[in-house]
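*Asks:* Use the sequences and the hints to build the structure in full.
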Amino acid sequence: MDYKTMRDRIEDMINDNHKDFVKAVISMEKGINDESALDKLYDAYMDNDTINLLHEEFDYMIEDLKEQGQIKDLPYVQEEKDNLINIVGNIVGNVDVVERENKNGEAFKVANFSVVSKDDDGNKVYHNCSAYGEKSDIPKDFKQGDFVKLFGQLRTSIDDNGKEHSNVRILSSKLLKAKEQMKGQDKSQEIAKLKSEIEEREKDLFYADS
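Under my numbering, the first residue of the sequence shown carries the number 2, and numbering increases by one thereafter.
Please note that the accuracy of each hint is not assured.
Pair ranges (Cβ atoms, derived) [claimed, not checked]:
id	residue 1	residue 2	range
1	175	99	16 to 24 Å
2	10	122	41 to 49 Å
3	40	17	17 to 25 Å
4	154	3	25 to 33 Å
Subject to a maximum C-alpha distance of 30 Å in a straight line, what follows is the list of computed DSS-like cross-link-like pairs (lysine-lysine) [said to hold, decoys possible]:
id	residue 1	residue 2
5	141	104
6	178	150
7	144	175
8	164	125
No wet-lab data here; the hints were simulated from the structure.
For each residue, glycine too, the CB sits at the ideal point set by N, CA and C.
*Replies:* Here it is as structure tokens:
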């Protein structure tokens with residue numbers, strides 16, 4: 002089947018049933034096969050005329066549905082053929098930003114950094130990550146300890162000594178909470194806990210005196 006025939010068929014499918022066509026494309030590209038979740042993604046897509054069909058905003062929509070427990074077949078997303086993975090964790094160390102050149106001699110930036118998350122058993126897992134070009138705009142400002150959400154493609158390679166190395170090529174990233182915010186939250190929780198303990202102690206003293 003040549004390009005023109007394929008394009009004509011796709012155009013026919015769009016005209017015949019636009020909604021199911023969009024859902025099918027999202028399903029294939031993002032690894033979602035929960036139809037109720039696909040309905041929500043389609044509605045969000047139709048409500049927002051600023052995003053293209055395969056825009057990275059879908060990754061954030063998918064994450065939101067995941068957090069709400071509205072995607073029933075998430076393991077399928079994690080195991081899809083393109084090795085796409087979601088990571089939620091904390092930045093370890095500093096972000097290393099370097100400049101590279103493509104084959105046309107054009108300069109672009111690469112942000113290299115590490116993230117620690119936890120597996121299903123609660124064990125720490127470290128991920129080496131790289132964000133290229135415009136994908137580095139957000140990660141380049143990450144600081145050690147920041148709580149982040151990442152979506153990317155896991156790539157593995159074997160060096161001359163037979164050792165396997167893995168790296169996640171970042172496709173989208175989001176700062177969930179800066180380290181300073183977490184410190185403030187921890188301090189507030191500590192103050193609230195201390196205040197509660199003082200109030201309990203005052204009650205004990207009151208009843209002891211009465």
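*Asks:* List, from low to high, the hint numbers that the structure doesn't satisfy.
*Replies:* When the structure is compared with the hints, none of them turns out to be violated.
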